[in-house]
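Protein chains: 4
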Amino acid sequence: MPNLAIHRLPMAHPGDLSALAALIDRGEVRAAEIRAVIGKTEGNGGLNDFTRGYFTQSLMLLLSRATGEDLAALAGRIPCVLSGGTEGALSPHYLVFAVDRAAAGPRGLALGTAFSAPTPAADIGREAQIELVARAVRDAMADAGITRAEDVVLVQVKAPCAQAPGPEARSGDPRLLMALSRAAAAFGVGRALGDIPDGTEDDLLRDLLKYSNRASISSGIEVTANEVLVFGHADGWAPGLTAGVAPMADLLDLDGVVAAFHAAGLPAAPAVPVAQRARVLGVLAKGEPEKSGAIRGARHTMLGDTDLDAQRHLRGALGAIVASVAGQGQVFVSGGAEHQGPPGGGLVCVFARAV
Amino acid sequence: MPNLAIHRLPMAHPGDLSALAALIDRGEVRAAEIRAVIGKTEGNGGLNDFTRGYFTQSLMLLLSRATGEDLAALAGRIPCVLSGGTEGALSPHYLVFAVDRAAAGPRGLALGTAFSAPTPAADIGREAQIELVARAVRDAMADAGITRAEDVVLVQVKAPCAQAPGPEARSGDPRLLMALSRAAAAFGVGRALGDIPDGTEDDLLRDLLKYSNRASISSGIEVTANEVLVFGHADGWAPGLTAGVAPMADLLDLDGVVAAFHAAGLPAAPAVPVAQRARVLGVLAKGEPEKSGAIRGARHTMLGDTDLDAQRHLRGALGAIVASVAGQGQVFVSGGAEHQGPPGGGLVCVFARAV
Amino acid sequence: MPNLAIHRLPMAHPGDLSALAALIDRGEVRAAEIRAVIGKTEGNGGLNDFTRGYFTQSLMLLLSRATGEDLAALAGRIPCVLSGGTEGALSPHYLVFAVDRAAAGPRGLALGTAFSAPTPAADIGREAQIELVARAVRDAMADAGITRAEDVVLVQVKAPCAQAPGPEARSGDPRLLMALSRAAAAFGVGRALGDIPDGTEDDLLRDLLKYSNRASISSGIEVTANEVLVFGHADGWAPGLTAGVAPMADLLDLDGVVAAFHAAGLPAAPAVPVAQRARVLGVLAKGEPEKSGAIRGARHTMLGDTDLDAQRHLRGALGAIVASVAGQGQVFVSGGAEHQGPPGGGLVCVFARAV
Amino acid sequence: MPNLAIHRLPMAHPGDLSALAALIDRGEVRAAEIRAVIGKTEGNGGLNDFTRGYFTQSLMLLLSRATGEDLAALAGRIPCVLSGGTEGALSPHYLVFAVDRAAAGPRGLALGTAFSAPTPAADIGREAQIELVARAVRDAMADAGITRAEDVVLVQVKAPCAQAPGPEARSGDPRLLMALSRAAAAFGVGRALGDIPDGTEDDLLRDLLKYSNRASISSGIEVTANEVLVFGHADGWAPGLTAGVAPMADLLDLDGVVAAFHAAGLPAAPAVPVAQRARVLGVLAKGEPEKSGAIRGARHTMLGDTDLDAQRHLRGALGAIVASVAGQGQVFVSGGAEHQGPPGGGLVCVFARAV
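The listed protein sequences derive, respectively, from chains A, B, C and D.
Using UniProt numbering, you'd call the opening residue of the first sequence number 1 and step up by one each time.
Using UniProt numbering, you'd call the opening residue of the second sequence number 1 and step up by one each time.
Using UniProt numbering, you'd call the opening residue of the third sequence number 1 and step up by one each time.
Using UniProt numbering, you'd call the opening residue of the fourth sequence number 1 and step up by one each time.
Watch out, some of these pointers could steer you wrong.
Straight-line Cα separation of at most 35 Å, DSBU-like style, residue types lysine-lysine; simulated pairs [unchecked claim]: (1) A:Lys291 to D:Lys291; (2) D:Lys291 to D:Lys210; (3) B:Lys210 to C:Lys210.
Don't read these hints as lab results, they were simulated from the structure.
Computed from a prediction, not measured in an experiment: that's the story for all the values here.
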């Protein structure tokens with residue numbers, strides 16, 4: 001039995017933690033063992049998406065009741081990475097990562113977490129943030145006992161942004177600053193893992209060929225520090241769980257999606273067979289509207305739509321492709337994949353139960 | 001060489017017919033041979049989507065200049081089936097169907113067209129419309145020389161609706177009347193083909209188990225009659241083109257999508273290989289947000305989103321799945337699949353060049 | 001000094017109660033005296049607007065810390081009426097109503113509150129709800145010490161609805177059920193006040209000439225009972241505050257808006273002069289897109305817009321007109337004015353400081 | 001009888017010119033006398049609003065039939081200024097300006113038009129465009145016989161933009177380039193009229209205190225040149241029509257709106273009385289979301305809404321205020337008021353029949 005447990009839970013609305021509450025009540029999850037939460041809420045995914053803050057507040061309220069810790073202390077030690085937007089086939093859900101430190105094993109899937117120092121708006125999208133994230137990634141690796149960069153499967157970061165950036169910020173446009181924050185965090189991951197050895201703040205959003213296939217970044221106003229989760233393989237963890245990641249060359253790269261499931265040991269052909277679906281514990285995907293305005297030569301309309309935000313377009317499309325392979329819609333799909341996977345493409349990460 | 005030609009053409013905006021104009025100018029398409037157009041414009045796909053009317057007017061202007069016929073006469077004989085909405089990976093494009101009556105063959109893919117009598121708002125979603133469509137389908141089969149219902153691959157209908165239905169209409173809600181129009185047209189197709197032998201107007205939008213896997217219906221205020229295209233196999237047509245259709249059991253039925261490509265003779269595994277992509281001439285798909293609010297047990301959010309119309313959600317998701325198999329985004333995807341394929345699912349139809 | 005105090009406070013986001021927290025910290029508001037909150041959050045105002053629930057949870061958390069009561073008890077005695085949607089000139093804000101029972105006066109503006117029994121989905125939009133609301137209005141009048149219906153200025157109700165109504169509900173369409181809930185609550189108010197003496201559940205959404213100019217109803221999934229606030233004049237309350245209400249004949253009835261300010265003793269001509277603006281304590285307005293599709297003979301496009309919900313259209317327009325008279329954008333504007341003011345119109349209520 | 005006639009006509013959809021066709025058929029308008037059209041269509045007003053192009057094509061088709069001129073020649077001599085977006089109380093309509101050169105008078109309201117040379121994307125938002133517009137304004141003044149800048153009431157410009165600006169453009173972001181185009185055109189107007197004597201391209205979108213209260217600019221991809229209409233007073237025109245313009249200090253400046261009606265000789269108090277409404281021939285307004293994020297100190301949410309474009313917010317609010325004074329919703333309201341009226345505010349222009 002693994003000492004890392006992953007629970008994929010539905011929510012009826014962004015304030016609904018009843019599924020986790022039930023697991024805690026029944027003793028299936030010990031609240032004190034919860035190390036991180038990654039979730040997908042049904043907001044618009046943009047600056048004015050408050051479903052993320054609502055979920056986080058509701059989660060911390062539940063955990064506070066269960067553990068007796070106060071809300072601020074919990075928020076300061078448990079990364080809660082939320083992405084808004086469940087367009088199309090996607091389904092609101094969250095992944096709860098619990099670690100039983102007592103139960104060890106020879107080697108298995110490991111999770112480590114870390115928080116950077118608070119990152120003021122002035123540091124967002126700058127060298128300061130890149131370095132803060134790189135250090136937090138190394139801290140999280142140490143927390144997990146992961147000793148080599150090549151043993152890391154995925155780093156998930158929740159990076160801060162600012163609703164009304166002041167004159168000291170790199171950009172006064174909050175949407176651009178949000179993108180710079182994701183970019184800097186990706187560079188921080190790439191620096192720690194060696195995937196982007198020489199990225200500087202001038203390269204952010206410019207040199208898109210500098211990217212990591214193992215960095216997945218969300219950004220939101222509801223966090224003030226960079227919150228980092230590292231998944232990888234390490235000694236001392238129990239076997240039983242697998243994880244795989246694969247890049248997508250572009251939005252339509254169905255082969256890339258299938259490859260990620262294969263990397264996690266799942267026989268997708270092309271969809272995961274019904275009998276194997278329960279083995280899928282969690283799926284994360286990042287993608288980006290192709291900036292040239294065309295995919296494989298055919299014009300797309302994601303970037304110039306006054307009614308529908310480009311990221312909502314993107315998540316609906318990418319989410320459906322990934323969900324059609326996974327066999328269900330509880331897939332974490334997040335836009336804003338700057339420097340996370342190939343430009344115009346992205347990446348997919350799958351957590352599964354081993355056979 | 002087939003006497004039915006299918007041209008898939010890009011548009012830069014809904015009034016851009018320059019790709020067709022160039023083909024006509026170069027003599028590659030003879031304007032007088034154009035029998036029908038099916039296109040996907042970048043509107044919202046709803047009642048207030050005027051990109052369909054704009055494209056149609058622009059098309060008829062071009063054809064009027066090329067043939068000397070006046071606009072009304074052209075609009076009365078050439079079905080122009082447009083669906084608005086190119087969410088996500090979809091790309092604005094149109095299919096031009098041209099028939100060279102002089103060049104015959106032993107047996108091949110055939111196209112026939114017909115217009116019903118004008119359908120007033122009072123008849124929409126009622127027995128009168130069902131029967132008008134059934135007759136028009138039979139007329140279009142006769143036009144194509146298709147003698148048996150089992151030889152029909154797909155019937156595409158553009159059915160009328162009303163922006164401000166009066167008291168004589170079956171529903172005063174224009175969106176509901178639009179759905180009733182699609183439903184009645186599907187029943188008309190099903191009646192003509194024997195797929196829905198006993199459907200009555202009371203069953204419309206109620207008995208969803210009455211459906212045809214070969215009916216694809218759009219509805220819009222820009223037409224006043226039911227415009228019908230029938231595709232199938234008939235004697236006297238040249239070989240060289242294939243067509244295949246397959247139902248989708250639900251929105252995530254990736255196997256169903258792959259099956260449609262296989263039915264058209266394309267080796268999708270799961271995506272159509274790069275070397276075969278040019279053989280794909282046209283792809284049509286219909287789908288529908290699952291009314292129960294869940295897909296395979298996971299809650300979706302398409303039906304209760306105040307910001308984003310359910311059909312925009314649906315097209316973005318379905319379109320991406322189909323495009324990921326087709327290998328490109330010029331796919332005609334249309335929501336509102338009432339009685340067109342299994343409930344909560346839909347259908348995919350592929351036109352291809354034979355090997 | 002009045003014993004009813006009204007505080008109009010800004011919020012930076014739907015979870016931001018810092019303005020109220022500061023007042024409590026400084027002793028300017030005693031948490032135990034807070035009787036009700038009415039607020040406008042920056043959501044979309046529809047079924048999937050979770051900013052209301054987020055604000056409510058945040059408010060109750062603050063009050064729980066300040067009073068020691070638990071969250072459920074607070075939610076069960078303090079009506080929190082939120083309306084989502086701050087389109088155009090509107091500004092997110094909330095009104096806090098605090099009552100100092102010790103400080104009495106001869107006669108003045110009074111506030112009473114009451115909660116009905118929980119209203120299951122099966123009772124929404126039916127006689128049961130009408131009667132529950134009527135009783136709660138009488139209870140709230142008694143709570144305020146208002147003895148005569150003509151002394152009531154305004155009744156504000158937050159009525160329940162259901163995200164996924166079951167077969168027992170009057171409508172399976174959650175949006176229609178939401179409208180029925182508002183309608184039934186308006187009838188309940190009208191029954192208690194004598195404004196709609198003979199309304200039955202069959203008249204709901206049908207006989208729009210049955211309305212009250214003193215009923216303002218919101219509906220949301222975040223409440224399970226009908227929460228009622230009654231404002232009026234009663235003995236035992238201190239003078240110093242005024243309130244006025246006036247109907248709007250249609251959306252463009254600028255004279256109606258001005259009349260409401262005059263009724264509250266404010267010299268709007270047409271705008272409230274700068275020197276008098278601080279006297280405006282709170283402004284509430286209800287309105288409705290004209291169902292005929294035209295206002296004063298000119299077609300409007302609120303009802304057929306696939307991209308933008310009709311209520312968002314309405315709030316942006318109505319809010320701007322009212323705010324242009326009030327002189328600022330902290331105006332509570334809520335759509336869905338069925339039976340609240342004249343059909344196609346609505347009503348405006350103004351709370352002010354007396355001279 | 002004036003020799004300038006203004007007809008305000010409704011449209012049922014963006015391709016509906018039936019109201020004008022009827023006037024031409026009945027001889028009430030001579031097609032050859034039509035000099036310009038200004039209209040408001042029900043699109044989203046953004047880059048992907050194709051209702052403007054659809055209306056223009058439909059108008060030119062009608063005029064081509066009526067005059068025998070070809071479409072390109074008509075489009076090259078008749079400015080057609082369309083703004084998309086009829087949010088809230090606004091109503092789709094168009095103003096047709098016809099001039100009977102034969103019928104002269106001593107002095108009256110005059111109209112002149114001019115087209116600049118085509119403006120390539122590389123010149124948009126640069127000195128070249130400013131100067132082209134300034135010259136076109138002088139040409140249009142000469143066309144009208146207006147000899148002094150102070151006799152000009154309003155200059156309306158339709159300025160070009162680019163859907164996919166190349167590397168030579170001042171900005172690669174089409175939305176920013178659209179704003180630069182409006183700004184440069186406003187500077188051109190200001191240069192010609194002396195309102196912005198020293199504006200340079202570096203001041204565009206930066207020095208917002210450089211503005212003209214008589215410049216109203218729209219921008220769209222459907223034009224390639226700057227199309228200019230100048231309204232003012234000149235000898236040789238018949239009396240009978242009046243026009244007035246007034247700036248709005250901010251979005252809530254109701255007094256400014258009323259002042260514009262007074263300037264046109266209409267007794268608004270605050271609304272135009274019913275008996276005088278027929279005298280209102282046309283109303284134009286420009287406005288802009290306050291960039292600081294607050295109006296009179298209260299936070300607004302127009303600029304950070306992922307679901308609803310800032311200009312749609314703005315038009316709904318401004319349009320309702322202006323329409324509530326005008327007494328009806330056929331008001332041309334256009335966002336993007338950079339350098340057109342005070343920053344954060346805008347302007348209103350009213351055309352009326354003299355008493």
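Inset, instruction - Sort out which numbered hints this structure fails and list those numbers smallest first. - result: Hint 3 contradicted; others consistent.
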